[in-house]
Amino acid sequence: MNELRVSVSPHLRGPRTTQNIMLDVLIALCPAFIASVILFGWRSILLTAVSAAACVACEYIWERLMKKPVTVGDLSAVVTGVLLAFNVPASMPVWELIVGDIVAIVCVKMLFGGIGCNFVNPALVGRVVMFFSFTGDMTNYQFPSVTAGRVDALSSATPLAAIRAGELNWDYFGRLLLGTHGGVLGETCAIALIAGGVYLCVRKVIKPIIPLAYLGSTLVFGWIFGSSQPVLAVFSGGLLLGAIFMATDYVTSPTTNLGKLVFGLGCGLLTAMMRTFASSAGAVTFSILLMNLVVPYINDLTAPKPFGGVEAK
Amino acid sequence: MEKELEGRNVNLPKLHGAHVPHRKNTAGCAPVRMPVPASVTIPMSMHIGAPAVPTVKVGETVKVGQLIAAPGGFVSSPVYASVSGKVKKIDDMLMSTGRFMKAVTIEADGEQQVLETLAPPDVTDLASFLNAVRDSGVVGLGGAGFPTAVKLSVKDLKQVEAVIINGAECEPYVTSDTRTMLDDADWIRQGIELLQKYMQVPRVIIGIENNKPQCVKTMSDMAAKLKNVEVKALPPLYPQGGEKVLIYNTTGRIVPEGKLPLDAGAIVINCTTLAAIAKYVATGMPLVEKVVTVDGSAVKEPRNVIAPIGASMQSLFDFCGGFREEPRKVLYGGPMMGIAVPNTEFPVMKNTNAILALGEKDAVLPEPTACIRCGRCVDACPLNLMPAAIEAAYNRRDVDKLRALHANLCMECGCCSFACPAKRMLVQTNKLAKGLIMADNAKKKAEAEEKAKKAREKAGKEAAVK
Numbered sequence: 001m002n003e004l005r006v007s008v009s010p011h012l013r014g015p016r017t018t019q020n021i022m023l024d025v026l027i028a029l030c031p032a033f034i035a036s037v038i039l040f041g042w043r044s045i046l047l048t049a050v051s052a053a054a055c056v057a058c059e060y061i062w063e064r065l066m067k068k069p070v071t072v073g074d075l076s077a078v079v080t081g082v083l084l085a086f087n088v089p090a091s092m093p094v095w096e097l098i099v100g101d102i103v104a105i106v107c108v109k110m111l112f113g114g115i116g117c118n119f120v121n122p123a124l125v126g127r128v129v130m131f132f133s134f135t136g137d138m139t140n141y142q143f144p145s146v147t148a149g150r151v152d153a154l155s156s157a158t159p160l161a162a163i164r165a166g167e168l169n170w171d172y173f174g175r176l177l178l179g180t181h182g183g184v185l186g187e188t189c190a191i192a193l194i195a196g197g198v199y200l201c202v203r204k205v206i207k208p209i210i211p212l213a214y215l216g217s218t219l220v221f222g223w224i225f226g227s228s229q230p231v232l233a234v235f236s237g238g239l240l241l242g243a244i245f246m247a248t249d250y251v252t253s254p255t256t257n258l259g260k261l262v263f264g265l266g267c268g269l270l271t272a273m274m275r276t277f278a279s280s281a282g283a284v285t286f287s288i289l290l291m292n293l294v295v296p297y298i299n300d301l302t303a304p305k306p307f308g309g310v311e312a313k
Numbered sequence: 314m315e316k317e318l319e320g321r322n323v324n325l326p327k328l329h330g331a332h333v334p335h336r337k338n339t340a341g342c343a344p345v346r347m348p349v350p351a352s353v354t355i356p357m358s359m360h361i362g363a364p365a366v367p368t369v370k371v372g373e374t375v376k377v378g379q380l381i382a383a384p385g386g387f388v389s390s391p392v393y394a395s396v397s398g399k400v401k402k403i404d405d406m407l408m409s410t411g412r413f414m415k416a417v418t419i420e421a422d423g424e425q426q427v428l429e430t431l432a433p434p435d436v437t438d439l440a441s442f443l444n445a446v447r448d449s450g451v452v453g454l455g456g457a458g459f460p461t462a463v464k465l466s467v468k469d470l471k472q473v474e475a476v477i478i479n480g481a482e483c484e485p486y487v488t489s490d491t492r493t494m495l496d497d498a499d500w501i502r503q504g505i506e507l508l509q510k511y512m513q514v515p516r517v518i519i520g521i522e523n524n525k526p527q528c529v530k531t532m533s534d535m536a537a538k539l540k541n542v543e544v545k546a547l548p549p550l551y552p553q554g555g556e557k558v559l560i561y562n563t564t565g566r567i568v569p570e571g572k573l574p575l576d577a578g579a580i581v582i583n584c585t586t587l588a589a590i591a592k593y594v595a596t597g598m599p600l601v602e603k604v605v606t607v608d609g610s611a612v613k614e615p616r617n618v619i620a621p622i623g624a625s626m627q628s629l630f631d632f633c634g635g636f637r638e639e640p641r642k643v644l645y646g647g648p649m650m651g652i653a654v655p656n657t658e659f660p661v662m663k664n665t666n667a668i669l670a671l672g673e674k675d676a677v678l679p680e681p682t683a684c685i686r687c688g689r690c691v692d693a694c695p696l697n698l699m700p701a702a703i704e705a706a707y708n709r710r711d712v713d714k715l716r717a718l719h720a721n722l723c724m725e726c727g728c729c730s731f732a733c734p735a736k737r738m739l740v741q742t743n744k745l746a747k748g749l750i751m752a753d754n755a756k757k758k759a760e761a762e763e764k765a766k767k768a769r770e771k772a773g774k775e776a777a778v779k
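Same order as they appear, the protein sequences are chains X and B.
For what it's worth, this note's numbering labels the leading residue of the first sequence as 1, then goes sequentially.
For what it's worth, this note's numbering labels the leading residue of the second sequence as 314, then goes sequentially.
The reader is advised that the hints may include incorrect statements.
Claimed, not checked - Simulated pairs of lysine to any residue, SDA-like, Cα-Cα distance not exceeding 20 Å:
| hint | chain 1 | residue 1 | chain 2 | residue 2 |
| --- | --- | --- | --- | --- |
| 1 | X | 68 | B | 749 |
| 2 | B | 757 | B | 717 |
| 3 | B | 736 | X | 20 |
| 4 | B | 337 | X | 14 |
| 5 | B | 592 | B | 736 |
| 6 | X | 204 | B | 692 |
Hints were generated in silico from the structure; no laboratory data involved.
When you get a sec, could you build the whole thing from the sequences and use the hints?
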């Protein structure tokens with residue numbers, strides 16, 4: 001009876017932990033992973049596994065070197081690794097992917113203080129660095145075996161390129177959903193990504209505000225800017241992967257519902273602009289990164305009003 | 314304002330909160346009177362305000378209901394003997410706050426002789442009613458312990474547009490208010506009638522979480538016999554029973570920062586508090602015993618116990634069959650806002666509604682990890698505060714930012730800590746933040762006084778020169 005613990009209330013804690021949130025994200029990524037294996041073959045497994053392992057290793061080694069508590073158990077590094085792998089084509093050399101992992105974890109995450117302290121999305125910066133360092137390998141989009149031998153709008157170009165060329169029509173909608181077209185590992189299968197998004201919302205890991213605002217505004221602005229297929233564009237390129245899994249990153253997205261809405265709309269506007277007026281490759285990545293940078297301001301401007309709060313005179 | 318009071322406007326934004334588990338295991342347990350303990354230790358401060366002053370001496374014989382300590386000021390409350398027996402000692406005891414407080418220990422003779430002179434007080438008007446409330450020794454029994462007579466001493470009765478009877482009982486485990494509503498409905502009715510008669514309360518609202526349908530029914534049946542009394546069944550979202558939350562959810566009114574419920578036209582009284590007042594007015598027996606929910610994973614037979622005030626926690630646990638496993642944490646009150654104590658010798662106090670003994674599994678202190686900025690604390694805070702931002706500002710000791718974030722509004726309900734996946738100690742930090750603001754206010758005040766003093770001296774010197 002002499003060992004009673006005394007602590008400040010509350011003495012009851014909720015069931016959520018950082019680890020089980022990250023585990024839910026990984027579960028939500030599973031459909032897209034399975035789809036990528038079916039579409040692009042065994043290299044998808046190799047790249048995903050190597051990338052996740054490299055991210056975990058980077059975080060572990062960094063923390064050991066810096067004599068900090070090891071936090072790889074929270075699984076956030078695994079999520080970053082998987083997302084990075086999803087952003088490269090199946091033909092990507094493994095070592096180039098590892099460079100991306102190192103940039104993401106060491107430069108973006110750990111140098112700024114580890115989980116919760118990065119001001120931009122680590123996986124996206126990793127992707128940008130790989131994109132500019134290994135442009136050829138990063139854009140060497142592979143085509144699923146099911147498309148081999150067919151000659152149509154999707155047999156040689158990605159859907160976004162086909163939209164820009166005005167060659168894509170609604171006949172291809174089914175293929176966009178299934179992902180049987182060229183692209184990077186995790187972005188092609190729309191159904192799998194949407195299923196993951198629904199899972200995250202049901203498990204209340206994310207709120208649907210950012211993805212819906214992002215996708216909706218990309219559609220509307222795409223239409224305003226005169227895209228040939230604004231609706232199909234929503235299901236093309238990295239938009240779904242970005243809107244569901246990247247833009248919703250807690251650390252780099254606003255806190256309040258209004259803030260999330262503003263953030264989603266901003267991402268959509270930028271994406272539609274870049275896709276229309278600049279290069280379609282990397283539009284989603286740069287849109288989210290740019291919006292990441294203004295999150296502190298969005299947070300300040302959309303802070304909730306305290307209940308009964310009286311402003312100081 | 315009149316229109317708002319017509320009821321909770323459905324268009325009002327809903328307050329946040331936490332979906333805590335209910336664990337009302339003892340809701341069906343009618344309170345059982347425990348045997349008279351060998352001795353009781355009654356602290357002189359079981360309320361907010363000045364401690365009571367002992368009126369008995371060591372060695373004196375006392376009977377149940379006898380005054381043993383008089384109020385030590387206006388904001389204070391008298392204390393009565395809960396057992397008959399002999400005053401063994403009057404000494405300092407360590408309270409759960411970590412401070413020492415005078416306490417009267419009475420060795421019980423086990424006969425529970427009631428003071429012969431006890432008689433119902435003579436209540437004829439507002440003044441005599443308030444006197445009776447003061448003499449009853451009743452304080453906020455929901456947990457706050459604010460002397461009820463002080464709360465009811467309103468300058469202008471017209472200010473009171475509604476009295477809200479708090480039957481929300483939103484803390485997990487605790488069912489003592491549930492039992493009051495089920496077993497003492499008639500005392501609550503008499504209490505309402507007293508308020509209506511002497512305070513001309515125009516409207517009485519009984520707020521109950523709808524996870525207690527029996528209470529809602531019992532109270533509705535009771536309210537049907539009275540005029541201007543209504544029952545509001547509220548969603549079971551913690552902290553429904555928080556004063557500001559309850560006022561908002563029953564009347565739509567917002568208590569402004571730094572103001573009292575009365576400024577929003579409302580007085581909130583816990584249902585057990587009201588029943589205790591009615592009991593005293595009808596019988597003359599002051600507050601000497603409490604229904605206490607004894608529960609928690611370490612308790613063998615959880616139940617509601619009628620315990621004399623001053624009985625040790627251990628005696629209540631013993632009455633409940635002892636422990637099924639080694640308790641690792643023992644609490645006054647529910648798990649969300651309850652206070653952990655270092656041993657089981659602490660006494661049942663006036664405002665004790667539950668004592669919980671938690672086993673190893675429930676007593677684990679989770680290791681805090683880095684904030685992932687998920688915003689769950691913001692989504693959980695009923696007062697729309699930003700607990701994670703307050704924590705960050707406190708860690709920088711940024712007092713101005715803490716003020717801007719309204720850290721002082723926090724009622725320490727625990728929703729943020731409950732929701733936090735990183736298990737950060739947000740409530741603890743917020744308490745510290747409030748202390749920091751208070752210290753800064755004191756410092757600024759002292760500086761201003763110093764400046765004024767210097768200015769006066771300077772003015773004095775100049776005058777002397779001239």
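Is it true that the CA of residue 337 of chain B sits at most 20 Å from the CA of residue 14 of chain X?
17 Å, holds
Run the distance test for residue 204 of chain X versus residue 692 of chain B: straight-line Cα separation, threshold 20 Å.
It holds: about 12 Å lies between the C-alpha atoms, which stays within 20 Å.
Would the pair residue 68 of chain X and residue 749 of chain B pass a check requiring their Cα atoms to be no farther apart than 20 Å?
29 Å, violated
Given the hinted pair residue 757 of chain B and residue 717 of chain B, is their Cα-Cα distance within 20 Å?
17 Å, holds
Between residue 736 of chain B and residue 20 of chain X, is the straight-line Cα distance small enough, at 20 Å or below?
Holds - the C-alpha atoms of residue 20 of chain X and residue 736 of chain B are around 13 Å apart, at most 20 Å.
20 Å limit on alpha-carbon distance, applied to hinted pair residue 592 of chain B and residue 736 of chain B:
Violated. Residue 592 of chain B to residue 736 of chain B sits at ~44 Å, over the 20 Å cutoff.
Checked against the numbered hints given earlier, the structure breaks hints 1 and 5 and satisfies all the rest.
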